[in-house]
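Participant: Going down the list, the protein sequences come from chains A and B. Start counting at 1 in the first sequence, then tack on 30, and there's your number in the working numbering. Start counting at 1 in the second sequence, then tack on 17, and there's your number in the working numbering.
Quick caveat, the hints were computed from the structure, so don't treat them as lab data. Where hints are given, some of them may not hold.
Claimed, not checked - Only pairs whose alpha carbons sit at most 20 Å apart, straight line, appear in this in silico SDA-like list of lysine to any residue:
| no. | chain 1 | residue 1 | chain 2 | residue 2 |
| --- | --- | --- | --- | --- |
| 1 | A | K117 | B | T26 |
| 2 | B | K402 | A | G116 |
| 3 | B | K402 | A | G44 |
| 4 | A | K119 | B | T26 |
| 5 | A | K117 | B | R36 |
| 6 | A | K117 | B | K402 |
| 7 | A | K119 | B | S94 |
| 8 | B | K402 | B | A184 |
| 9 | B | K84 | B | S94 |
| 10 | A | K119 | B | F38 |
| 11 | A | K117 | B | A37 |
| 12 | A | K117 | B | M30 |
| 13 | A | K117 | B | R320 |
| 14 | A | K117 | B | R221 |
| 15 | A | K119 | B | R31 |
| 16 | A | K164 | A | S190 |
| 17 | A | K117 | B | S94 |
| 18 | A | K117 | B | L39 |
| 19 | A | K117 | B | T212 |
| 20 | A | K117 | B | R31 |
| 21 | A | K164 | B | S35 |
| 22 | A | K117 | B | E322 |
| 23 | A | K119 | B | M30 |
| 24 | A | K164 | A | G116 |
| 25 | A | K117 | B | T321 |
| 26 | A | K117 | B | F38 |
| 27 | B | K402 | A | I84 |
| 28 | B | K402 | A | S190 |
| 29 | A | K119 | B | K402 |
| 30 | A | K119 | B | I33 |
| 31 | A | K119 | B | R320 |
As the list claims (entries may be wrong) - Here are a few chain A residues that face chain B, going by a calculated C-beta distance under 10 Å:
| no. | residue |
| --- | --- |
| 32 | G81 |
| 33 | L83 |
| 34 | G94 |
| 35 | L108 |
| 36 | G116 |
| 37 | K117 |
| 38 | R129 |
| 39 | G132 |
| 40 | C174 |
For every residue, glycine included, the Cβ atom is placed at its ideal position computed from N, Cα and C.
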Amino acid sequence: MGTLVLSNVARSFGDVVAVRDVSFTVPPGTTFGLLGPNGAGKTTTMRMILGILIPDRGVVSWDGAAVTLPVRRRFGYLPEERGLYGKLKVRDQISYFGRLHGVPAPEDTRRADAWIERLGLGEYANRRCGELSKGNQQKVQIACAALHEPELLVLDEPFSGLDPVNAETLHSALRTLRDAGTTLILSSHQMWQIEDLCESFCVIADGTVRASGTLAELRDAWPTRIVEVEPVAAPLRSVLEAMPGARRLPDADRPTLAYEIPADADTAALLRRLVAAGDVTRFERVDPSLRDIYLRAIGAAA
Amino acid sequence: MNTIGIVFTAEFMRRIRSRAFLAGTLIGAAGILVLTLLPTILGGMTSSSSKNVVLVGDPALTAQAKKALAGDFEVASTLPRLDQAPTAAFLDAHGKAVAVAVLTTHPGLRVTVYARDPSQFRESFGRDLATVQIGLALGVPAARVEASSKVPVDVHDVSGRFADAAAADAAKGVAYFFVILLYLSILLNAQSIMTSVAEEKTNRIAELLVATLDPSRLLAAKILASAATSFIQLGVWVATGIVGGRAVTGLLAHGAAATSGAPSPLGTIDVSSGEILAFLAFFAIGFTQYGVLYAAAASLINRTEDLGSVAGPLVIPVIIGFFLAMVAMNAPNDPRIVACSLIPLISPFVMFTRIAVSSVPVWQLVLSLALNVGSAALLAWASGKIYRVGLLLYGRPPSLKQVIATLRA
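Okay, chain B solo, but in the shape it has when bound:
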């Protein structure tokens, strides 16, 4: 077995047997369960964040609908008819308009929504247009009004990415679920790499290791071992998230069926192979980027007590990435989000979310991957150099000038 294999095996076994790994995996699983259920639990309390619509239909109908929707929506314009199904360009042409509601009374009020983010409209239209239905149905017996108080709403994704709103819901659930996995996995395992490097440095084991194997191979073995344990953790979390989530959602749905028609994202998760590939690719890239950064930072400290001070700044891009991913779920094609999906360290979170909830142009995907792979290679090179020097550097931490000099050497 070569030295990478020997270090990898030893590191892997050390990690897998550690209490920290066990605790992290179990706590993470519990966290995943809670966090993936949150959208279901909170779903009924939230309203659409997309407030702009174009109403299409008979002027009398749209005028009444406009009044009914006034409290919740801003009606950008009204049109008597549509010649063809709206496209993304059509939505863009109407300024801030994000949806087109086509109203028709035959054979009863029916609403068809064309939206960039279909998952946001089904509930709000169904709920809010019920009043229109009642108004239009004036004179109709009460039993019929009640029976027809739920307005049928057909929601279409203008990009053609999702077949219906349920699929869009599920996609958002998938994105949410995997972004949390990515976040937890990077944070926990990057910290674990950091602790391992710091232990080897402060115990002077690093001297022994560097005498026997190349530091870059040592670093590579550590990252690989950490990635392997991370995949095991992911397996546990995914199983918890999907199996556990479905079970709990099933129970919730059973009890709440009479009061809410909202499906749980977890209940309808159907992960495509493309999404899995995208997740694995961005996971590998993100893991490498953060792993080498954390290892290099840890090699510069002299006491394990100092870990927090170097870990703090490195957590910031992880948190930023996570929160931008949350924003990206509702605005995947916002130009600012598109830009963020190209920025290394942040894009593993943001681009994955965009892939899951919208149709990302191929050029953006290729550019993001290229930038991320390039930056991961650059970070690995720079971190490897810092790591090699940092491991044997004792006493006062190096200044920024010294670190730059190390990179130039």
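This is chain A alone, in the form it adopts within the complex:
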């Protein structure tokens, strides 16, 4: 198992700069979320990791060395848009991609059957891929990418277009791979789908890294916290308004006093002041969610 390191990689297409400057490190056996809006440079970054595109500048390394073709054969890739031969049968398709990554026969067929079983594709094993639904094609694609037990599996929008049942099946398959030690890199717009899967994240916008680290690190770096207080009473509001750096947030759909306060504010002291000012039925310090962090990073980019 190796560590993936991207150091100041950049890539342009003619006059269009897709990736300006991206650096991050993915430790071995971890799951890494690559977040960003459309056109942020996620797919280009992934393609540079896989050697499909060569960076104009910067270095991609695996286990301290350049990513060569033999190394790439130990990687797996699930592109955002489905890449399957429509006329090839499911089992043959999965076996083929396994062989391309060095899985010998008949091991390729044995593993293909295991993945077909795991992903619930048994009844489609001898059907042509073009006849399958989008969700089932996605499952076939996952099996193609994972059959050779890759050291690094790069998945571009893996949950795109999947219904909740199929999304859960995919989730389960990815957890299995993670538990087996595969390093995973996922991109997604739907953060809730990857938040519990990933250990660290990188938010890209406009081809540059806006935020990166584990969720705890990202939260630590977040400059504010939100406190929610009930009931909505004037004395309590006065205490919150008097706090340096506090900013009232728009009213929620329930009667709550919601304020954004500096991250380093002494919330214990604040609670004591609130209790002294009146009856407090609810006091909650809310950490920023991944979505908040993402939106803030993107907003900063805008």
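Please arrange chain B on chain A, whose structure you already have, making use of the hints.
Facilitator: Then chain B, alone, in the frame of chain A:
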């Protein structure tokens, strides 16, 4: 198995199992059968395209022959005798003259023709000089005139390439047959390569493949798989052309024996190992040239619907090559044809035809092979670069400027 082998096997099996392959092979076989029989069927309707002769013989005889031939031939000159058998240089020395007819009345009228293209003369001389025979035989009983209305004609190839006119006929049949094979094979399989590349690009499979193997190896595996399926097709077509052709020709000859002495080219096909080697060499070269070109062109499109627009221009040299090969059958040593047999993309058709129907100087053969191998390597290099970039290029098709920039990169 290495990646080329894996892709080759997968591509080969995909092609061989496809309906398009089956249909193409069967339709091609039927087409081969029809096209190779055409010369036999149409043979009786055509006349020689070589109209110029030098008549040699007794002045009285050549004067009568000149009158008899006036409608069909232009008699360049008449000579009382020949000191030795005419050579190509002798024919060239008589301007546009392409044949020398030596006439002799002993032991009856007999014609000996020395020609650059012997296959064209036997029939026309035999037919046209019959009237001379009748004139000369004036006073002879009708039964004898009729019996001797077929003038014996000995035809000699001045280059010594063919033993007799039948061999020259057969050579032309071989050339015709193999040029059609080459034409069909290149067209069908280059199109197949194109479709395969376009499918992989539009389905985004190319991304997966390029992540795993070098694009040039991918392209090489595709060309090899296509060539392998093409050889199978060729086998079917050759078998159809020779076995089927002989059978049908045999039947035709059986029925037409009384009315026509014209042998079918197919009926006398005797392919030499040299011709087979030449065919394989030019097939491999032509296939590579067109295969890489079609693959590169297909890598630039974004929708399979656009295939036609890029395939169109690439078909033009194939068609030109085919038609020039047809011309080369009757004028294999025409300087323009010789020049065309050196031009890459066209020469696989033209040079092969020249090899089959005439004696090609070694230097021309070597030069043609060198130019073709060189151009195939150059095309493979350029196409490989375009293919690598084109596979991952989505959106607007690249401009010519961008393609040139890609080649320079």
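Participant: Next step is simple, just say for each hint if it's right about the structure.
Facilitator: Comparing the hints with the structure gives:
Between the alpha carbons of K117 of chain A and T26 of chain B the distance comes to roughly 16 Å, so the proposed pair stays at or under 20 Å and holds. As the CA atoms of K402 of chain B and G116 of chain A are separated by approximately 27 Å, the hinted pair breaks the 20 Å bound. Simply put, K402 of chain B and G44 of chain A have alpha-carbon atoms about 17 Å apart, close enough for the 20 Å limit, and the pair holds. Between K119 of chain A and T26 of chain B the CA atoms are separated by roughly 16 Å; this keeps the pair inside 20 Å, and the hint holds.
Only pairs whose Cα atoms come within 20 Å are accepted, and K117 of chain A paired with R36 of chain B is accepted, the gap being roughly 11 Å. Only pairs whose Cα atoms come within 20 Å are accepted, and K117 of chain A paired with K402 of chain B is rejected, the gap being roughly 28 Å. Only pairs whose Cα atoms come within 20 Å are accepted, and K119 of chain A paired with S94 of chain B is rejected, the gap being roughly 74 Å. Distance check on the hinted pair: K402 of chain B and A184 of chain B sit about 47 Å apart at the alpha-carbon level, beyond 20 Å; violated.
A hinted pair counts as satisfied when its Cα atoms are at most 20 Å apart, and K84 of chain B with S94 of chain B qualifies at roughly 13 Å. Between K119 of chain A and F38 of chain B the CA atoms are separated by roughly 19 Å; this keeps the pair inside 20 Å, and the hint holds. A threshold of 20 Å between alpha carbons decides the hint, and for K117 of chain A with A37 of chain B the separation of about 13 Å falls inside it, so the pair holds. Pair hint K117 of chain A plus M30 of chain B holds up; C-alpha atoms about 12 Å apart against a cutoff of 20 Å.
Annotation: proposed proximity of K117 of chain A to R320 of chain B holds, straight-line Cα distance about 18 Å (limit 20 Å). Annotation: proposed proximity of K117 of chain A to R221 of chain B holds, straight-line Cα distance about 15 Å (limit 20 Å). Taking the CA atoms of K119 of chain A and R31 of chain B, the gap is near 11 Å; set against the 20 Å cutoff, the hint holds. The suggested pairing of K164 of chain A with S190 of chain A holds, with an alpha-carbon distance near 10 Å, which does not exceed 20 Å.
Note on K117 of chain A and S94 of chain B: the hinted pairing is violated, with a Cα-Cα distance of about 69 Å set against a maximum of 20 Å. A hinted pair counts as satisfied when its Cα atoms are at most 20 Å apart, and K117 of chain A with L39 of chain B qualifies at roughly 16 Å. For the hint pairing K117 of chain A with T212 of chain B, the CA-to-CA distance comes to about 13 Å; that is within 20 Å, so the pair holds. For the suggested pair K117 of chain A and R31 of chain B, the alpha carbons sit about 9 Å apart, so the restraint of at most 20 Å is met.
Between K164 of chain A and S35 of chain B the alpha-carbon distance is near 24 Å, which puts this suggested pair outside the 20 Å criterion. Between the alpha carbons of K117 of chain A and E322 of chain B the distance comes to roughly 18 Å, so the proposed pair stays at or under 20 Å and holds. Taken as a hint, the K119 of chain A and M30 of chain B pair is honoured in the structure, with Cα atoms around 13 Å apart against an allowance of 20 Å. For the given pair, K164 of chain A sits about 12 Å from G116 of chain A by alpha-carbon distance, which is consistent with the 20 Å threshold.
Restraint check for K117 of chain A and T321 of chain B: the C-alpha separation of about 16 Å stays at or below 20 Å, so the hint holds. Annotation: proposed proximity of K117 of chain A to F38 of chain B holds, straight-line Cα distance about 14 Å (limit 20 Å). Our distance criterion of 20 Å between C-alpha atoms is met by K402 of chain B and I84 of chain A, whose separation comes to about 14 Å. Taking the CA atoms of K402 of chain B and S190 of chain A, the gap is about 33 Å. The hint is violated against a cut of 20 Å.
Taking the CA atoms of K119 of chain A and K402 of chain B, the gap is about 32 Å. The hint is violated against a cut of 20 Å. For the proposed pair K119 of chain A and I33 of chain B, the alpha carbon gap of about 15 Å is at most 20 Å, so the pair holds. For the hint linking K119 of chain A to R320 of chain B, the alpha-carbon distance of about 23 Å lies beyond 20 Å, and the restraint is violated. The interface hint given for G81 of chain A is met, as the beta carbon of that residue sits about 7 Å from the closest beta carbon of chain B, less than 10 Å.
Interface restraint check: L83 of chain A against chain B, minimum CB-CB distance 7 Å, threshold 10 Å, status holds. This hint is violated: G94 of chain A has a C-beta 21 Å from the nearest C-beta of chain B, more than the 10 Å allowed. Satisfaction of the interface hint for L108 of chain A is found here, the shortest Cβ-Cβ separation to chain B being roughly 9 Å, below the 10 Å cut-off. At its closest, the beta carbon of G116 of chain A sits 7 Å from a beta carbon of chain B; the interface hint therefore holds under the 10 Å criterion.
The interface hint given for K117 of chain A holds, since its Cβ lies 7 Å from the closest Cβ of chain B, which is under the 10 Å cut-off. Annotation: R129 of chain A was flagged as interfacial toward chain B, and the flag holds, the nearest CB pair being 5 Å apart, inside 10 Å. About 9 Å separates the beta-carbon of G132 of chain A from the nearest beta-carbon of chain B, less than 10 Å, and the hint is met. This hint holds: C174 of chain A has a C-beta 7 Å from the nearest C-beta of chain B, less than the 10 Å allowed.
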